[in-house]
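Listed below are the residues making up each chain.
4 protein chains.
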Amino acid sequence: MEKVIQIKGHIIRDDIIKRIDASCVQYNGTYRVLELQIGRQVDDISSAKIALDINDEGFTLILNELTNLGIEIPSMNNQARLEPSEKDKTVPDDFYSTTNHPTEVFLDGKWVRVQNQRMDGVLVVKNGEVFCTKLRDVKKGDLIVCGSEGVRILTNNDEQNDHDFAFMVNDVSSERRVEIAVKKLAEEMKAIKAKKGKIIVVAGPVVIHTGGMDAFQDMIRKGFISGLLSGNALAVHDIERDLFGTSLGVDLDTGKVVKGGHKNHMRAINAVNKSGSIRQAVEDGTVKSGIMYELVKHNIPFVLAGSIRDDGPLPDTMMDLIEAQEAYAQMVKDADMVIMLSTMLHSIGTGNMLPSWVKTVVVDINPAVVAKLVDRGSAQAKGLVTDVGLFLTLLNQQL
Amino acid sequence: MEKVIQIKGHIIRDDIIKRIDASCVQYNGTYRVLELQIGRQVDDISSAKIALDINDEGFTLILNELTNLGIEIPSMNNQARLEPSEKDKTVPDDFYSTTNHPTEVFLDGKWVRVQNQRMDGVLVVKNGEVFCTKLRDVKKGDLIVCGSEGVRILTNNDEQNDHDFAFMVNDVSSERRVEIAVKKLAEEMKAIKAKKGKIIVVAGPVVIHTGGMDAFQDMIRKGFISGLLSGNALAVHDIERDLFGTSLGVDLDTGKVVKGGHKNHMRAINAVNKSGSIRQAVEDGTVKSGIMYELVKHNIPFVLAGSIRDDGPLPDTMMDLIEAQEAYAQMVKDADMVIMLSTMLHSIGTGNMLPSWVKTVVVDINPAVVAKLVDRGSAQAKGLVTDVGLFLTLLNQQL
Amino acid sequence: MEKVIQIKGHIIRDDIIKRIDASCVQYNGTYRVLELQIGRQVDDISSAKIALDINDEGFTLILNELTNLGIEIPSMNNQARLEPSEKDKTVPDDFYSTTNHPTEVFLDGKWVRVQNQRMDGVLVVKNGEVFCTKLRDVKKGDLIVCGSEGVRILTNNDEQNDHDFAFMVNDVSSERRVEIAVKKLAEEMKAIKAKKGKIIVVAGPVVIHTGGMDAFQDMIRKGFISGLLSGNALAVHDIERDLFGTSLGVDLDTGKVVKGGHKNHMRAINAVNKSGSIRQAVEDGTVKSGIMYELVKHNIPFVLAGSIRDDGPLPDTMMDLIEAQEAYAQMVKDADMVIMLSTMLHSIGTGNMLPSWVKTVVVDINPAVVAKLVDRGSAQAKGLVTDVGLFLTLLNQQL
Amino acid sequence: MEKVIQIKGHIIRDDIIKRIDASCVQYNGTYRVLELQIGRQVDDISSAKIALDINDEGFTLILNELTNLGIEIPSMNNQARLEPSEKDKTVPDDFYSTTNHPTEVFLDGKWVRVQNQRMDGVLVVKNGEVFCTKLRDVKKGDLIVCGSEGVRILTNNDEQNDHDFAFMVNDVSSERRVEIAVKKLAEEMKAIKAKKGKIIVVAGPVVIHTGGMDAFQDMIRKGFISGLLSGNALAVHDIERDLFGTSLGVDLDTGKVVKGGHKNHMRAINAVNKSGSIRQAVEDGTVKSGIMYELVKHNIPFVLAGSIRDDGPLPDTMMDLIEAQEAYAQMVKDADMVIMLSTMLHSIGTGNMLPSWVKTVVVDINPAVVAKLVDRGSAQAKGLVTDVGLFLTLLNQQL
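Chains as they are written, first to last, in numbering that gives the first Met the number 0: chain A, 0 to 398; chain B, 0 to 398; chain C, 0 to 398; chain D, 0 to 398.
Mixed in with the good hints there might be a few duds.
Since copy identity is lost for identical chains, a pair holds within one copy or between any two.
EDC-like, lysine to aspartate or glutamate: derived pairs with alpha carbons at most 20 Å apart [claimed, not checked]:
1. Lys262 <-> Glu148
2. Lys86 <-> Asp310
3. Lys88 <-> Asp315
4. Lys255 <-> Glu56
5. Lys109 <-> Glu128
6. Lys258 <-> Asp93
7. Lys221 <-> Asp252
8. Lys273 <-> Glu85
9. Lys48 <-> Glu34
10. Lys197 <-> Asp333
11. Lys262 <-> Asp136
12. Lys262 <-> Asp217
13. Lys183 <-> Asp136
14. Lys86 <-> Asp315
15. Lys262 <-> Asp252
16. Lys17 <-> Asp43
17. Lys287 <-> Asp14
18. Lys192 <-> Asp217
19. Lys88 <-> Asp319
Just so you know, the hints here were simulated from the structure itself, not pulled from any lab data.
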């Protein structure tokens, strides 16, 4: 039986009719466009009336998809359906799974904005407020938003207008003018700093191997960095460099392998273990320079998340990943920008936690890594395929 | 002042004189070859008398390097020097850092074989036995082997003669005959199975995306797999495939993205959470097929190590990485072969734990990943650049 | 001053309004959608009336773009404008530049189909016929189609419905089920063979290095291959393998470098030079097996195009690239399918010559190569990231 | 029957005994080291007496290999064996195939230096002089050096001592300090310029896409570039940029695709065709800036070699590759340095022509390309994995 829905939003810009068509194909349904009023321009709001002859599963899916794209469906503006969790860490089967876009839930006659927005979460309603919650944090009895009725995504207009910053994303090929991109990024960073915003860097040890650490340290001293997210390796190599002049046994001034240098990273961990922590190693004079040194000296927080491949690890490295994920999430809360430098693992981890309105830049010499990060649903991420060392040097020159 | 050392071993094969030369350049020392008796063939044992004029640091380093290469230095056959640890998780500054090669320590007049051999460990002596120990497991008061006197590496002759299996390592380029390599690998696996040996697989979710899971499940059923090391993603995608026919929302039969499928991996985790664990989900009929299903049904152990990027995770995923590393290490103990399939993170983690005599094969479509794994000091690792799905299909046909 | 155009075609499916919007942004113009009648489904024909307020350059560009997308603009159905070339190899500045889609030109009251369709050509009108012509073949006085009035692109409906064959293109990632794609490709090839169609292979020497030559030779013997396009290297390595068992000095059975083998490719060229040509070398018994041998024995034509890096070259390698391009173009004329195996250079060269209705498959282990080929305007190309040797083995099993 | 040979040279440094061992394994022979006198240091000359029990083919191969490594074998200092070619473009089967190292031939009692040294050539003796000759240039009756008796390679000591410049080669990984490498390269270039030496650049169009053209033009104006080797694409994109501000239709200032811009490269070719050549297009004012403009204005020669994928091509592009190879070879004659920028095809073509004493630098963002070029027997090539645009900017700053 045909159902008729009224929709309103960026019907042309966001290919709404093509999407409905694809869903109908998948579910052996059909549709007819009864009315279509389109705006003067692509970015204008259009409205349509569409008749759908499709089974219930397909119908729900179409409504859900349109909702997630920011399309208003007045017939959906009913009270959201809430069902209790029957067991810790579980939700009803038809739970609403969140995107990273700004979301509202219709409760008791009004739209309530979701807090702690991130992707792949569930929505828990507590005292009239709605919290985006990780599955593992759901408690038995929590009220979970189910289906997609009474849920809507706000269209982020700022994002759409941000043409200049956006230009990078179209093409992750290395055949582009990195200099232009760096210039725009520097302007953005200066604007964020001017309004006392928050810029978080996610970095891998390649920052050190490629000689980007001088520029990075300078950026810390200049006050552009509000926090660092990384793993054990960056800190170990940074401290190894300070103590022995090598990184994984390679002399950083000459690029040559130092005999016996393979042992240096374990010696560095041993030295920090003797001090008790990185902060203490800086304060007792064991560590005298480097990225970790500058962070400690300027009281910039950092989180080092452990991984299965870690040696040591340093006492600061969090090997309990539940704790590490919480600490990461805390760090990126309210961030204005996140810059991801040559570390797929920590970048994906961080990307999962970010709402879509945080400016995100991914830099790596490997186009596949950049593409993978940009593709993972972090539509806001801009990719830059280039040498991270030269990138940081150039960026710092502009700051 | 010149010191003269007598050395014995594969002086020609292992480029011993070139290595001494390089160390002398680094430490501004000089050397003279006073005598050199070489064998009839390169693989034969040679002996030499060499005069070294070099400072103490350089001298120690040369002795240490030669020792690690399996060269005997009779003048070094003194009691190993033991120093106590002064604080948990720390060792004296000149601790001996282990390789992954078979090692012996000279104690009380005889050579004692090191137990739990792995790279980047320290040697702890307890009741006349020597244990290769991770830095974090060292306790205050433990006796640590320091310097390299009284330490020697056994030359693994088996490794050298293993010409056929070794052929793959020379070139990680994709331009080679994968079929030949698969044939040899299959023979090796059958030989290991025949003697009731242990074959451990380290695998990433690409095994599922590339369609390799049917072959892999068959290999489990045939009894070739003694254990699986992986992370959260492989198990989630495997169970998602069983429950919904998709992997990360992509239909595995048609290769097309399924509308709304992005939510399926969270639905799969929710389903397992309801059962309580993967084993329970298999036993209560929630999960009816797949890699995890076959492992449970055939009582093959698996360890899933958590990472910072994990969603969920599944209740079986170990988010405490100290525990996860212990469980991994336990799994590879006494393994005869480790096959690493398209997961750099878990492969490096496992590689760190392996002694050099474990046959190790690394398969990835990306030559850079294979090269990185083979380079990381796991000299025994053979690389194979190919499509993992086709590789498993072909391998299973030969088993 | 506003101009109003009437358009008809796949307005929704091909994002026509978004494209007009983008052009207006670029040329500081504006537009209003006066009417929009859309079909029942996305694939149906829609029609619209649009008012454009934009300068002449922008207006021409929009008409040209719409035309190239197969949109009918009745107001454009005027006699095409023809201007004479004033000098060999040159055309008037506003020449119409061709796509690889089927094109018609309006001449003397009727639509005339363009012959020799390819991309980046110009249209020459001669005796009422229209020829897609390379710039270098234009002669002074030739009548050239200028502007885009009187030109239209036919929408290739077959292409759109070809859902099964098309599935590969969406994602060039290596993380997909190659087996499914191979199965579909084999079916397609059998269908083409059944109707005595033409399948051309473009191949690089990797076919030999990866061990794909046995399968490829078998495909030639079975009659699936109508012609081979390649360069000097494939033929040299193939003949080197026949004469000496090596390819670039590497033993193909063991994968080991043969001492002195680096010289073998020059010895192979010398041997063919003595015979006079590849055909003669086969006929006089010098060459006894291999890809080139099978081609000669089965009278399958081949073209070897020279390149700046060629050694030798073989007497059959065409070092005059004008001739080589003509020979390539002749070979792909009326081809039903082109399979490109691991050679970016020859694949791009061939892709430039193909009309959009030729089924095209690109296979390479490097995702970047596949992406580059698929992106180069050959919208019909399907990419497959996998090991070419295993791919050919698997494909041949299905044929 | 055992033959005893006396050898002299870098026996330890160049692993001579290991190489003899490997050849004996291949030919089922055996050897005994009867005497070995090694120098004080690895770089010193050693001498040895070795007994070989091996068949004739293996014996010849060992002598040939040792000769090519610069080992002196006094028993080999006989008159070189010369055999006439029996047919144009062919040589006797046991011809001596050249390396790119400096070579001498023993004729009439003295060593004669080979002229036009390059790899994969043959040696033609004419009037007491020896010419390294491409196979295709051999004429019937030419006297060809056969076997390896009477041939020796000179050890290039300069190369060995060139430690600083050499450091880059060890590791083509992107994880290194590009800045250090650029600094050393700039010093080298200034030294070459100071002594009026010859620096040739081989470049692909990526130089333009990545924004490196400003720096490159500046380097031309400063007089650092003695010649450019490239293909059709670099010149077309450079002139397209001058005429229309785009490169392959992408606006180089904003990085955005320009509507209708895909046609611009054909328009650029048309414009140059109207002028008649690039030089004429510069002189008649059609082309007003860019790399080609600067080359013409400063009378720096360039060679554009055609390829099978070329559109157009420009009138300057040589489509006869025999001519193009001659022109390339002429350009690199007596070059002191060759810098290869992001073009595998032209770089391999040039590398084939270079003697081993020409300093060669390969820059590409893709590690696989750098590795392939460095591996191709051009042992002198130093690889640098980085963004070419930033590389040129940085390099120009140092010049």
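Quiz prompt | Numbers of unmet hints, in rising order | solution = As far as the earlier hints go, 7, 12, 13 and 17 are violated by this structure, in ascending order.
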